[in-house]
Every structure is written in C-alpha cells, then in structure tokens.
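Asks: For the protein sequence lines, the chains are A and B, in the order given.
Once you know that position 160 of the first sequence is 159 in numbering that gives the first Met the number 0, the rest is easy, because the numbers rise by one and skip nothing.
Once you know that position 93 of the second sequence is 92 in numbering that gives the first Met the number 0, the rest is easy, because the numbers rise by one and skip nothing.
Don't read these hints as lab results, they were simulated from the structure.
Label-pair restraints from in silico Cβ distances:
1. A:Asn172 - B:Lys189: 34 to 42 Å
2. A:Asn172 - B:Phe187: 34 to 42 Å
3. B:Gly128 - A:Ile138: 53 to 61 Å
4. B:Asn125 - A:Gln59: 45 to 53 Å
5. B:Phe187 - A:Glu82: 46 to 54 Å
6. B:Asp130 - A:Arg156: 42 to 50 Å
7. B:His61 - A:Lys72: 17 to 25 Å
8. A:Lys14 - B:Ala188: 52 to 60 Å
Capping the alpha-carbon separation at 20 Å, the derived lysine to any residue pairs in SDA-like fashion look like this:
9. A:Lys72 - B:Asn133
10. B:Lys37 - B:Ile94
11. A:Lys168 - B:Glu138
12. A:Lys148 - A:Tyr122
13. B:Lys157 - A:Arg115
14. A:Lys72 - B:Thr113
15. A:Lys72 - A:Asp114
16. A:Lys75 - B:Asn159
17. A:Lys168 - B:Tyr161
18. A:Lys72 - B:Ile136
19. A:Lys171 - B:Glu120
20. A:Lys168 - B:Arg163
21. A:Lys171 - B:Phe150
22. A:Lys171 - B:Phe135
23. A:Lys171 - B:Asn133
24. A:Lys72 - B:Met146
25. A:Lys72 - B:Leu132
26. B:Lys157 - A:Met102
27. A:Lys171 - B:Glu134
28. A:Lys75 - A:Asp114
29. A:Lys148 - A:His20
30. B:Lys157 - A:Arg167
31. A:Lys75 - B:Trp140
32. B:Lys157 - A:Glu164
33. A:Lys72 - B:Arg116
34. A:Lys75 - B:Tyr161
35. B:Lys98 - B:Arg39
36. A:Lys75 - B:Ile136
37. A:Lys72 - A:Arg174
38. A:Lys168 - A:Tyr155
39. A:Lys72 - B:Pro144
40. A:Lys148 - A:Leu159
Here the structure is a predicted model, which means the values were calculated and not measured.
Just so it is clear, CB atoms sit at the ideal spot from N, CA and C, and this is done for glycine as well.
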Amino acid sequence: MFNDKEASKIVDIIKNFARKHSLWVVAYGTGCGAIELPPTMTSRYDAERFGIRGSATPRQADVLLITGYLSVKTLKRVIRTYEQMQEPKYVIGFGSCTINGGMYWDSYNTIKALDRYLPVDVYINGCMPRPEAVISGFIKLQQLISEGKADGAKRYRENLEWYRENQRKVIKNWRMPEYNW
Amino acid sequence: MINMNKNLYNENQTIEEIKNTFHTAEIKLQRESRIIVKLRSDLIPPFLSYAKNYLAFNHLAHFSCVDWIEDNEFELVYLLYSYEKNIVVIAKTRISRDKAEFVTIKHLWRQAETYEREIHEMFGINFTGNDRLNEFILEDWDDIPPMRRDFNTIQFAKDNFYTRPGREDAQDVRETITKKSGEKIPDFAKEFSVRNLK
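Work out the full structure, taking the sequences as your base and the hints as a guide.
Replies: As structure tokens, this is what we get:
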C-alpha cells in the first residue's frame, strides 16, 4: 500500500488534472486586449474545448486575465479583484503592455511591469496577441498546473510585504481592504 | 483647398452674420463646412449664446484646450455643430497661463460641465461657476496637471514606475525609416528622438 507522502502525491496529480481542465476566467477586461476574448470564446476558436470558460464573479473564477495596459486607477481594482479570488488562482499577463509597458512606456499613469504588483504565471507577448496566441498561453498554463509549477498565489502569500511595498509606491492614497485568506 | 465649384452659400452667409455682430472676430473659412472664429476671451460667452440661439448651432460637439507655452497662454477651443446648416464652427480664444481662469458655459450646454472637469484636471484651468470641479479621471494626483507642457512625463514615469531592463537598445523607428529611404530627420524632430530622451 501507499504511505502518506505517496498518497498525497497521487491526490495532487488528480487535483491538478481536474484544475487544468476547468479554467474559469473572470470577465474583467483592461486595456484593448479584451476585444480579443470574444473571438477566443466563440465558435471560431472555441476555447471551451480546453475547459476555458468565462465566470461572472471573481470569487468563482480561477484565472485573472490582465488584457493590456493598467492605469494606476485600474490597478487598484485589479488588486482587489485578485485578492477576492479563491485559491487556486492564476494570473495571465496579456500583451506587451503588461511585460515592459509596450507603447505606454512613457505614460504618466500606467504601470510598466505587472509582476511587480501581482504574481504572474504566464505572459503572452504580442500587441495584441491573436486568439491562437491566447490559447497557446492557456495551454502553457495547463502544463504548468499539471507539473505543479503554477504557484503564483503561494508566491503572493509568501512575499506579500514586497508586493505591498510596490503597490503602495504607485497607489498613493491607500484605502484598500485587508483580506485574511 | 476650397473647391470653388461647391456652393458655399451657407458658409458665406454664416460668416457674414458673425462678422456683422462681432466686428473684432477673426474669421477664416478653413474648408467646406468648417469655419474658425478667433475671439477675445470676454466675447466667448456672448458669441456661444448668439451662435446657439440665433444661428442654430445647437450642438456642442467638443470643448478642449491647447497649451501654448511659448506665448504663455492657453487656447480654449469650442466646436459647435449645426444640424440645419451642416457646418462646424470652431471658436477659439486665448487666456493667460499665469491666471488660468475662465467662465463656465454650463448654462448653455449641460455637457460642458464634464468637459470643464476634464480640462480642469488635465490643464489646471479653473472655471468659475462650475461647482463640480472635483477629482474626475486621475485619482490621488498631487503633481502639476499632466497635460501641461512643462510637466515632464518621461521623468515622472521614470521616477514612479519600475522600468524593466532590455529596452535600451530599442531602435528609433524614425531613424530606421530614414536609413531605408534616405530622407533627413528635421531638427525639431531630433529633439524627441529616443536616443536623446535617455
């Protein structure tokens, strides 16, 4: 028979298998990338065959898609959305704006590197990424989940001070609720 | 270029009417169905009221601002449209940059209130009579208004937002194009080249 360690490993494999085939994306679009999601979800590219579906509220969702540039004002809402989500939760950075600022590199009101403020599991590059690229990003995320490497939520919990420090640097008037997960 | 074959009856008639009422206005027919009227700042409220009530320019299509830092002035631009005549009248006026203040036109068009809030936030112009000039698009902004030309956007972005290394060798699009076509970069554009901004 199995010992405890082996048993929990097998349970993890089964859990990750289930998780990777039901990725519910919270319906929240920032920037211009949200326009790529309707074709991804509908019959032409049909993301549902990979188990990717839209979800109405952050508390029911698994994936937070950051679809483009984030202004400081939107970043506040994104952080609140992310912190309300239940684990397991993953973040996908979408488009070059989330990677290095993209065409908004000299803007007065947009952040330039998303992973300073939220733990990103997968980045999809492009401006804008086409639905094929979006689906390939999701498949990459599924791979990471099945290998147990998509640990963004864990990283966020462990390095919360570092993330908070960066967030407070751009959000000057800090009036955010504290969640205790 | 104005196409002389076009019938400019409506435009010429409107120009004539404005000229007869506001003698100091500089009027220019930019092209078909587009008239630019430059006015003294104190004549703007009576002009807008006149255009709305007597010339049937019912629709305030846009209201914006230009920063002429060289002249130490702000230019306010009002775009009025007439559905009857199918003409846009662009009313322009200049106010001093040191005392950035103007009167509201909220009593003529209610949507002007929103435009004024935006201009107040982006340029720091105070509109007397508009009591809703509070925080609008920018949240928690404590610097000088960002659309003023003396606001250093690049320095601000550098100070506040983390820049990921790896963009240093990014090619300047303008230089790449000139290399291909052999065209020269004009001097005023060189100032804004990526290489000089660092």
